[in-house]
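*Asks:* Listed below, chain by chain, are the residues.
2 protein chains.
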Amino acid sequence: MTKEFQLVGIGNAMVDVLAHSSEAFLAEHGIEKGIMQLIDKDQAVHLYGEVGPSTEMSGGSAANSIAGFAHLGGRAAYVGKVRDDQLGAIFAHDLRAQGAVYETPLAPADTEAETGRSIVLVTPDGERSMNTYLGVTEHLTPGDIDAAQVAGAEWIFLEGYRFDGPESHDAFAKAISACKGAGGRVAITLSDPFCIDRHRDAFAEMLKNDVDLLFANRAEIEAMYKDAGDFDAALEAAAAEVAIVVATESEHGCHVLRNGKRWHVPAIPTKVVDATGAGDLFAGAFLWGLAEGFDLEACGRMGNIAASEVISHLGARVEADLKALFRTHGIIA
Amino acid sequence: MTKEFQLVGIGNAMVDVLAHSSEAFLAEHGIEKGIMQLIDKDQAVHLYGEVGPSTEMSGGSAANSIAGFAHLGGRAAYVGKVRDDQLGAIFAHDLRAQGAVYETPLAPADTEAETGRSIVLVTPDGERSMNTYLGVTEHLTPGDIDAAQVAGAEWIFLEGYRFDGPESHDAFAKAISACKGAGGRVAITLSDPFCIDRHRDAFAEMLKNDVDLLFANRAEIEAMYKDAGDFDAALEAAAAEVAIVVATESEHGCHVLRNGKRWHVPAIPTKVVDATGAGDLFAGAFLWGLAEGFDLEACGRMGNIAASEVISHLGARVEADLKALFRTHGIIA
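These protein sequence lines are chains A and B, in that order. Be aware that the first sequence starts at 0, since it is given in numbering that gives the first Met the number 0, and climbs by one per residue. Be aware that the second sequence starts at 0, since it is given in numbering that gives the first Met the number 0, and climbs by one per residue.
Everything labelled a hint here was simulated from the structure, so no lab data went into it. Model, not experiment: these values are computed from the prediction. Mixed in with the good hints there might be a few duds.
The list cannot tell twin chains apart, which means a pair is met if one copy fits it or any two copies do.
List time: in silico EDC-like cross-link candidates among lysine to aspartate or glutamate, alpha-carbon distance up to 20 Å [what the hints assert, rightly or not]:
id	residue 1	residue 2
1	Lys270	Glu318
2	Lys40	Asp83
3	Lys322	Glu291
4	Lys322	Glu166
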């Protein structure tokens with residue numbers, strides 16, 4: 000039986016506020032480069048007052064993946080909470096305009112927390128340092144998970160960042176139960192090393208018991224399996240727990256492990272304008288390949304191509320026609 | 000005596016919603032290419048629902064000019080009305096972050112009209128078709144004009160689009176009177192041919208009596224002086240009324256007329272990504288050159304360089320360092 004959705008993503012709904020930044024600005028403001036750090040509303044207001052002119056674009060890690068998946072024509076839905084405000088409307092519009100289903104768990108306009116936003120500082124090397132005010136997306140609860148929607152998914156895709164929030168774990172548990180109970184599978188992304196440190200036990204338990212596909216970059220998988228010793232050992236440790244392990248390694252491409260086999264897929268050389276969304280689009284394209292029945296190496300190639308597209312311009316959503324790029328690379332007809 | 004401001008701009012405060020569009024989409028939606036058309040809130044909501052994923056960036060014609068002027072280090076202020084909402088905060092931030100003074104005439108958050116926005120459809124040729132919901136910016140009144148601020152300006156810069164609004168003419172009259180009464184001068188941009196058609200008499204009266212510097216592109220100056228016969232005759236007719244006439248002609252550069260003299264300044268060849276803001280940045284850079292005492296030809300060169308920068312990327316605000324570009328071209332040391 001064909002399921003209604005090939006993929007349902009659950010993540011933190013965010014609007015990105017993109018601003019160019021010098022290395023000195025990061026240092027002055029104590030912002031660690033290349034990672035996501037959480038800030039509260041006052042800090043967000045203060046930092047926003049300090050940054051230069053900016054551009055607003057929908058973001059959110061899993062939302063970027065879902066947007067890419069839907070852009071490729073996949074049947075996808077997204078769950079993540081926004082407020083009934085202008086930024087919430089922008090977020091919802093951009094997902095729907097890409098073809099994804101988004102039935103907003105909408106917080107009323109008088110809710111104190113606003114739609115989440117991430118002040119993304121892009122340094123001249125294209126690296127991004129994210130300063131995230133979660134806003135209402137922190138408060139996604141089990142009540143916001145539609146069990147029937149999730150049960151109608153071949154895959155659910157869980158964003159690691161979503162562990163930050165009081166009822167996040169329960170919301171994930173409900174989604175996993177509904178999905179697996181209906182024969183679906185679970186993919187997760189570790190999101191970032193500091194997120195792993197904040198929620199190590201929850202990640203570990205989920206990887207052992209629930210996850211069928213793990214996405215992580217090198218730093219993340221090394222952080223998660225830090226007792227393993229090195230990168231290769233961390234990959235093997237992950238593969239001992241999870242059916243499919245996919246680890247990205249920036250310009251060195253990606254590694255895919257399943258059933259004791261391992262593939263390495265080289266990256267597409269690209270001039271980095273803004274690294275925001277690279278891992279997200281990789282995951283979105285990889286999952287699309289998987290849902291469409293391509294072999295794992297082809298999925299890895301699609302992921303690499305999508306990542307190279309999104310880092311070639313400002314913003315974390317795909318702009319070029321990914322299917323056309325897949326054709327150019329001879330992966331699809 | 001040095002005045003507090005070299006330039007105070009008065010315009011429609013807008014946030015641009017930039018979306019890529021096919022030619023077919025414009026045709027289907029009856030959108031005329033390359034111009035600005037006014038839409039109401041319902042039409043804005045409907046059209047937004049139809050366009051693809053978009054990017055939000057501060058815009059507004061005179062605001063773009065003022066942002067460019069402030070970016071160059073000029074002492075500038077901007078007057079234009081936003082609502083106390085998220086888009087209003089974005090607009091205010093981006094002007095201030097560029098160094099311009101913006102003491103927002105702020106409409107309360109429960110005002111029905113929202114912060115103005117323009118859905119800018121960018122076709123593959125880089126041309127932009129603007130669909131503008133004016134929102135609260137339509138309701139700028141004489142009460143929003145601070146006579147002391149305007150009197151403290153060497154130049155005021157009036158945006159033609161600002162004639163659309165019930166008390167616009169009175170607000171302009173107050174600003175002109177305060178500025179000229181204190182020995183300042185008045186620059187205006189005609190904005191677009193349809194805007195001229197809507198407010199021909201008001202433009203004509205102002206050009207005859209008040210304006211010291213006129214900015215227009217070829218189509219606009221031909222529309223304004225349509226009885227003159229052709230482009231050259233229109234330029235002469237304008238120069239008979241206005242001390243300095245500056246007409247831009249896209250890839251053919253600009254023409255500057257003063258005291259019976261005429262200069263032609265060739266454009267900088269550029270690949271057009273998004274034509275939004277070309278005229279605005281031209282005016283901002285030209286006015287900066289003028290305020291800093293450069294000759295008119297140098298001002299024209301600065302205008303052309305600024306225009307070529309802004310059309311080389313998405314969005315109507317300058318991104319590169321304009322002064323560095325002026326140095327590269329040998330205009331400043």
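*Asks:* Against this structure, judge whether each hint is valid.
*Replies:* Going down the list of hints, with the structure as the test:
1. Taking identical chains as interchangeable, the C-alpha atoms of Lys270 and Glu318 lie at most 20 Å apart whether they share a chain (16 Å) or sit on different chains (18 Å).
2. In this homomeric assembly, Lys40 and Asp83 come within 20 Å of each other (Cα to Cα) both inside a single copy, at 17 Å, and across copies, at 17 Å.
3. In this assembly of identical chains, Lys322 and Glu291 lie within 20 Å of each other by CA distance solely inside one copy; the values are 13 Å within and 51 Å between copies.
4. For a Cα distance limit of 20 Å, the shortest separation of Lys322 from Glu166 qualifies neither inside one copy, at 38 Å, nor across copies, at 52 Å.
Hint compliance for this structure: hint 4 alone is broken.
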